[in-house]
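**Q** Chains as they are written, first to last, in my numbering: chain A, 1 to 275; chain B, 1001 to 1342.
Keep in mind that the hints were calculated from the coordinates and are not lab data.
Take these hints with a grain of salt, some might be off.
[What the hints assert, rightly or not] Pairs of lysine-lysine residues, derived as DSS-like cross-links and limited to a Cα-Cα distance of at most 30 Å, are as follows:
no., chain 1, residue 1, chain 2, residue 2
1, B, Lys1015, B, Lys1028
2, A, Lys74, A, Lys34
3, A, Lys74, B, Lys1041
4, B, Lys1069, A, Lys74
5, A, Lys35, B, Lys1069
6, B, Lys1322, B, Lys1194
7, B, Lys1041, B, Lys1105
8, B, Lys1041, A, Lys24
9, B, Lys1257, B, Lys1084
10, B, Lys1322, A, Lys24
11, B, Lys1194, A, Lys35
12, B, Lys1041, B, Lys1257
13, A, Lys74, B, Lys1257
14, A, Lys24, B, Lys1067
15, A, Lys18, B, Lys1322
16, A, Lys9, B, Lys1084
17, A, Lys165, A, Lys18
18, B, Lys1067, A, Lys34
19, B, Lys1069, A, Lys9
So you can see what is in the structure, the chains are spelled out below.
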Amino acid sequence: MIEETLIPKVGVVTDIRKDTPDVKTFRVVGTDGKKLFEHMPGQCAMVSVPGVGECMFSITSSPTNQEFMEFSIKKCGCVTEVLHAMEVGQQITVRGPYGRNFPVEEDFKGKDLLFIAGGIGLAPLRSVINYVRHYRENYGKVVIVYGARSADDLVDFEEIKTEWKNEPNFEVYLTIDRPQEGWDDHVGFVPSYVKELGLDSNMTAVLCGPPIMIKFTLQGLLELGFEKSRVYTTLELRMKCGVGKCGRCNVGDKFVCKDGPVFRMDQLDELPDEY
Amino acid sequence: MLKIAKERLNELYGKIAQTQGLFIPVKKAGEVNYAIWGEGKEVSLETLKTVKSPKNMFFPQTENMMKFKTEGKNIDIIDMRDEKRPYVLFGVKACDYKAIEVLDKVFLADPVDTFYKARREATTIVTLACSRPEESCFCSVFGIDATAPAGDVTVWLDNENLYWQSNTEKGEALTAAVKELFTDGGEAEVEAQKAATKEILQKLPFAALDLSRFKPENLNELFDDPAWEELSEACLGCGTCTFVCPTCQCFDIRDFKTNDGILRYRCWDSCMYSDFTLMAHGNSRTTQMQRYRQRFMHKLVYYPSQNDGLYSCVGCGRCVNKCPQHLNIVKVIKTLGGKNDD
C-alpha cells in the first residue's frame, strides 16, 4: 500500500514518568522496539488513543536519542486525560514528524543561546537544549531561564538539576511564582526575572510558555535590546491533519502545523493577531 | 468535434455505464444532485447548479479511513483504502471544474492525500458548457470561461444535440468507447452557442465585481477592516455556505466505536462552527465575526497567497442562493474588494 501520512504507526509506551502533578512524560517506541521515526528539535507528532482522539504534541526528546521518543504531556483535555490514566505497555498511535523545526543547523549555529520557558513550555525546548548539549562544540554559551507556578510544577527537574546545571558553559536560572518551603532559588514571574538578569541582547532567544508569559517576556527582551528577528517561539492551535489540509490551524496565510510551529517574532508581527 | 442527438443520450449513458460507474446530475425529490446513473433515473443536465457540488465525488462528506482493533493493550491498524473502480463524472460546469483544480492544490500537494488522489485518478471528467447562466453566477469575475470548460471531455448541449470534444488522454479513451454513437460535426453550432452565452455573461448583475484589493500585500489591512463586524452581524453560523461550496475543504477526523473495532473517519467540517478551533485551553476564534472573516479571507486572500494568486472562490453562486440570512461572498467582495459600485 502507498504511504499515507494520515494513517499512523503503532507505538508502545515503555515508560511513564510523573514530572509534576499534571504533567507526565511518555517514552514511546515502535512495536519492533525501535524509534518510530526521525525528527528535528521543535517538530511535533500526532499522538492518538483510538476511540478517544488524536492530538498534536511536541516531541520533547532530542533527535540525538537513538532509542526512543518522549512526549511531555499536561493533563488538560479528553485525550490527555486518557493518556495520563495509561499504564506502561499500552499501545498508542503516532504519526509525524510535522512542522518546521528550530534552525539548529542554520541560524543557531555558533550563537549564544537563551532559552526561556514557562511551565509545560519546557517540553519543546528540552529537545533543542539536549540537541545543543549533544553537539556542544557547534554552539556558544547557553542560558536557560525556566519558571513554573511552584517547585512541583517544574518539568524534568531531575534532568535540569543533575545534567543541565553541570554542563560546561551552561547557566540555568529557575524561578517559581510564590515562595515555597525548601526553595532556595529565585521567586517571581519569568518576565520580570528575565529583566532582572540583564541578559546579553546578542544572544539568540527561544521563548515557550503560556501566551501571557510570552507577551510580557518578549516586551522585557525588547527593552533589553533584543531584536525580534533573533527571538523564536512556537505556536499551538487546534489541528486535525498536521499537513495543512484540514483548514483550522492557520494564522493568516500560514498554517501552524506546516509553516510553524516555530516562528520568529518578526514573522509573527506580519501575521494577523489571531492565535 | 462529434455530435449525438439529444434523444439518444440515454444510449450514451448506458454505453458508458456498461464499463464504468457514471455519476450525473439526477433529479430526486425535487433536488438535483450528482448520483449514479441507472435506467429510469431522471437526468437533468440542464440544471445549472446541483444543490451539492461534485466535490463529494473526490472528497466525500464522510469517508472511512482506517479501523483499529484493540485487544488488551494492543492496537492493530487496518488500512481501509481500496482500489477505486473507474468512473465518469458527467456534466460538470465550468465553475465546479475550476473548484476541483482548487481542491487539487490542497489534497495533491505534498504530502499527497491518497484517499483523494485515488478517486481523482479513477475519474474521467466530462464538463458541460453553460448556455443559460443565472443571475447569481459570477464565474467570469474569476477568469472562468463558462462556455468552454476544461476537463477530460467537454460537451455542449443545445435543443437538438450534444456536442463532444475530447481534451486529454483519459478523454480519448472514453471517446473511443462511445464513438460508435456519434457522428462528426457541430463546430458551427458550438461557436454560435458560445457567442450567445458570452453576451449573457457580460450582462449578469455580478459580472463587474472588483477583486483588486484582495492581494496578499493587503492581508493585514483587510483583516483589520472594521466592515467585518457589520458584514457578519446576521450570520447564524449554520455552515450552509461551507457545505454547498465547491471549494470548501475543511475536514474533521473522528473516531467511532463499532461492534467490530474503532472506525476512524473523515468528514466535512466548517470554519463557521465555534468548536472548529476549540482546544482544551482556549479558542483562537471565539466570535462569529472572526469565523466569518476567516472563511472569506481564506478564499480571497490566504488561499491565493499560498497558490500563486488563484482565488478559492469560483463564482458558482450557491452561497448566494442558499444562505438563510442572505449573506454571501458577493457582499464581501462589494464591500472590501475595491471600486465596486454599490
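**Q** Please go over all the hints and tell whether each is borne out by the structure.
**A** Structure-based check of each hint:
Restraint check: the Cα-Cα separation between Lys1015 (chain B) and Lys1028 (chain B) comes to about 23 Å, which is no more than 30 Å; the hinted pair holds. Among the hinted pairs, Lys74 (chain A) with Lys34 (chain A) is consistent with the structure: their alpha-carbon atoms are about 25 Å apart, no more than 30 Å. Between Lys74 (chain A) and Lys1041 (chain B) the alpha-carbon distance is near 56 Å, which puts this suggested pair outside the 30 Å criterion. The suggested pairing of Lys1069 (chain B) with Lys74 (chain A) holds, with an alpha-carbon distance near 27 Å, which does not exceed 30 Å.
As the CA atoms of Lys35 (chain A) and Lys1069 (chain B) are separated by approximately 23 Å, the hinted pair is consistent with the 30 Å bound. Between Lys1322 (chain B) and Lys1194 (chain B) the CA atoms are separated by roughly 28 Å; this keeps the pair inside 30 Å, and the hint holds. Annotation: proposed proximity of Lys1041 (chain B) to Lys1105 (chain B) is violated, straight-line Cα distance about 34 Å (limit 30 Å). Between Lys1041 (chain B) and Lys24 (chain A) the CA atoms are separated by roughly 59 Å; this puts the pair beyond 30 Å, and the hint is violated.
A threshold of 30 Å between alpha carbons decides the hint, and for Lys1257 (chain B) with Lys1084 (chain B) the separation of about 26 Å falls inside it, so the pair holds. For a cut-off of 30 Å, the pair hint linking Lys1322 (chain B) to Lys24 (chain A) is broken: about 49 Å separates their Cα positions. A distance of roughly 61 Å separates the Cα atoms of Lys1194 (chain B) and Lys35 (chain A); the hinted pair therefore is violated under the 30 Å criterion. Our distance criterion of 30 Å between C-alpha atoms is broken by Lys1041 (chain B) and Lys1257 (chain B), whose separation comes to about 36 Å.
Among the hinted pairs, Lys74 (chain A) with Lys1257 (chain B) is consistent with the structure: their alpha-carbon atoms are about 26 Å apart, no more than 30 Å. Simply put, Lys24 (chain A) and Lys1067 (chain B) have alpha-carbon atoms about 28 Å apart, close enough for the 30 Å limit, and the pair holds. Among the hinted pairs, Lys18 (chain A) with Lys1322 (chain B) is inconsistent with the structure: their alpha-carbon atoms are about 53 Å apart, more than 30 Å. Annotation: proposed proximity of Lys9 (chain A) to Lys1084 (chain B) holds, straight-line Cα distance about 24 Å (limit 30 Å).
Straight-line distance between C-alpha atoms of Lys165 (chain A) and Lys18 (chain A) comes to about 21 Å, which keeps the hinted pair within the 30 Å bound. For the proposed pair Lys1067 (chain B) and Lys34 (chain A), the alpha carbon gap of about 24 Å is at most 30 Å, so the pair holds. Note on Lys1069 (chain B) and Lys9 (chain A): the hinted pairing holds, with a Cα-Cα distance of about 13 Å set against a maximum of 30 Å.
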